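*Asks:* Chains A and B supply the protein sequences, listed in that same order. With the first letter of the first sequence counted as 1, position 54 gets the number 53 in numbering that gives the first Met the number 0; the numbers rise by one all the way through. With the first letter of the second sequence counted as 1, position 233 gets the number 232 in numbering that gives the first Met the number 0; the numbers rise by one all the way through.
Worth double-checking, as some hints may not be accurate.
One copy or any two copies: either way a pair holds, since identical chains are not told apart in the list.
[To be verified] Dumping the calculated DSSO-like pairs for lysine-lysine here, alpha-carbon to alpha-carbon at most 27 Å: (1) LYS225 <-> LYS152; (2) LYS54 <-> LYS152; (3) LYS225 <-> LYS195; (4) LYS152 <-> LYS195; (5) LYS113 <-> LYS225.
Keep in mind the hints are simulated off the structure, nothing from the lab. Please read all numbers here as calculations on a predicted model, not as lab measurements.
There are 2 protein chains.
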Amino acid sequence: MPADLVQLVTSIAQRARAASLVLATTPSARKDAALLRLAELIPASAETLLAANQKDLAEARANQLPSHQLDRLTLTHARLDHLAESVRQVAALTDPVGTVLEEWTRPNGILIRKRRVPIGVIGIIYEARPNVTIDCAILCLKSGNAAILRGGKEIFHTNTAFAALITQALAETGLPAEAVQLIPTTDRAALNTLLKLDTLVHCIIPRGGESLIRFVAQNSTIPVIKHYTGVCFVYADQDADPAIAEAILINAKTQRPGVCNAAEQLLIHAGAAPTLLPRIAASLLAKDVQLRVDPAAAAILADASPAIAHTAATEADYTAEFLDLIMAVRIVPDLETAIATINRDSSGHTEAIITQNEASARRFQDAVDSAVVTWNASTRFNDGFEFGFGAEIGISTDRLHARGPMGLNELCTYKYVIDGSGQVRA
Amino acid sequence: MPADLVQLVTSIAQRARAASLVLATTPSARKDAALLRLAELIPASAETLLAANQKDLAEARANQLPSHQLDRLTLTHARLDHLAESVRQVAALTDPVGTVLEEWTRPNGILIRKRRVPIGVIGIIYEARPNVTIDCAILCLKSGNAAILRGGKEIFHTNTAFAALITQALAETGLPAEAVQLIPTTDRAALNTLLKLDTLVHCIIPRGGESLIRFVAQNSTIPVIKHYTGVCFVYADQDADPAIAEAILINAKTQRPGVCNAAEQLLIHAGAAPTLLPRIAASLLAKDVQLRVDPAAAAILADASPAIAHTAATEADYTAEFLDLIMAVRIVPDLETAIATINRDSSGHTEAIITQNEASARRFQDAVDSAVVTWNASTRFNDGFEFGFGAEIGISTDRLHARGPMGLNELCTYKYVIDGSGQVRA
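Based on the provided sequences and hints, a complete structural model is requested.
*Replies:* Pasting the structure below:
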């Protein structure tokens, strides 16, 4: 590993740690002032930002990136305005820091308070979306954390321009300029160095594809909060209301098929399948969803009048995150089989049961081991905004610290503050 | 890596995962019945347990283990009775599982409940204390988690005998026998295999020396909750009450010097030092504490009448976890220097301020970045029992998920359960 890279990244982390100690006791109003200044600077610096973005786009075109990736990379005046508005929205949220989560007095008279505090220094590792630099910076800042950002090489010039604006907003409002730092290289060696600085950096959040997340998880000695795949199931129970089942499946599968809380897998109770499956399948087909089905479902669809197009599922389809207009369908004999199937084949992200039977719903919600389990509601509700968090840094597929939507509260830890009057331990 | 070891450990983890799904919805009464049966079995099986322990002790003597380690390994009837009593105590605690932590309704009518649930499968990696097998097994069981235990080779026969009892208690009370499993080998390759099974095991808790913890943290792709060192500071402020300062320092330093929440470092405000330091130092000396001091403190102690014995501190002393009757002492010019010194040199475990000035205390509690920050109370209170948790699996020095004492609540995560009536996302 090049010594200068190690020194560079270590120095960034040391300055982030120092900044985090200042931020941890910075009043809300001062953090908000920095955010509001940033919101002003973004449209005011549009030309600089768009010029930097054009450099990235020129390189991306030269590297023949596919058009949907080019679109993702592209900044426009409208996107910048949207970004500035999201900064103002985060500034308007309640500061999570300082809330007393619990408070109790022990028989010896000591008063213990469990108080929400920032985590400290958070490393965000991400790929090619230009909004992530701003999104992550503002959520970390609002929650009193210092951020070290390491974005993808495809968006390096844009990220650098955004980082300069953030530094300017911090400096102009009297906050430590090192509260948000971009690693000024996309060299893998720099990332590897960062992932080992476990005395300076307290949490790593990788945002991006599975291979990036896996690389980070395998190489980090710092705790990582992962945002993996969503192989989300909908189970239409024997007692499902057909209209509810249809509406939820259309929404969960087709509203935005490329996201992690979209449904990928459908299980239908054998007792309901002969009537329910043809109706649902026809609706999904009308939305261009390709159905990959097990033999029992195939028989029902073939018998339907008119017969409904489908293909035979492979084993791999039953655990697939398609992120596309494709849905795997299986018939299950009962609720318990649905639960066992989900606990074996899902990614533990979001699952839904459609039923009018409360006992079945409760059993499903209790026994399904996933971050979010809905009853008669779309899987798409596993989302920080839909939860009312007002912001979201991601949807955790881990179980420790944060599970499901991660908002400002989940960017905090806690500490215990004890008041005594000379108590000692007996 | 030997293929049969990989298969063995993977099979253990798969069975643990299956057991964890059963445990997650097992009513409290049934978990408690298993615990109470175990409490009966321990004294009833004393001869078997002591015989297994004798095998370990014989090997330990043959390997010339030092006497304090032999003492740690040794089981007695009294220790077994104490262990059985601790099992009954855990059975009597409130079940953490199922508590609704938060509950709210969104404008679209969906009801969101955040509910406490077990983490799932927890791997406990520990060294040579025979009580850890029982302690960890019962805390995991009570909190609905399946446990995979991997103890040290010095205590292998004893652990095996305990594990057999736990299996018996589970089986006799109708719980999955695989809810608690001991890895039947201390081969490092088996541990390495376990640490990579991140789809089956959800959390690793290493309990033991720093090198064990570091090995686990560096080799695990499963989230690890670490219990590292405690370089705990006491800061005697300008406005310290001398009697309180003296009592807390004696307690924090000498009551049990070998534990992580014992004080190692003393900072004294320069304004208070000329009167406070000689008094505290004399008291500590009377308890056989060796003082390693900075030049300013040395001058004060040399001037005291009678002069108080001390040695000059080295730089290394200022960040040392002595775990012994040794204390490093420094004079600081003010509160802010005390805070900055602590945030640089402490391990973030537990720090105390002694002062009669509330503003100073609040500033210290706000700005010191440690898991537990006390005001006029001993550092020794960072402890699950002292907090009233009724049990403790350790004291986390991490910031994510659990910080400070880890009791039953901290052995749980949460999931979100959503009730709807057909809502879809707009």
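*Asks:* Each hint needs a verdict: does it hold in this structure or not?
*Replies:* Verification of the hints:
1. Taking the shortest Cα distances, LYS225 and LYS152 sit within 27 Å of each other inside one copy (21 Å), while across copies they are farther apart (34 Å).
2. For the identical chains of this complex, LYS54 and LYS152 are intra-copy neighbours only, at 12 Å inside a copy versus 60 Å across copies, given an alpha-carbon limit of 27 Å.
3. Taking CA atoms no more than 27 Å apart as the test, LYS225 paired with LYS195 passes in both settings, with 17 Å inside one copy and 15 Å between copies.
4. With identical chains, the CA atoms of LYS152 and LYS195 are at most 27 Å apart within one copy only, with a shortest distance of 21 Å there and 30 Å across copies.
5. When the C-alpha separation of LYS113 and LYS225 is checked against a cutoff of 27 Å, the pair qualifies both within a copy, at 26 Å, and between copies, at 20 Å.
In summary, the structure agrees with every hint in the numbered list given earlier.
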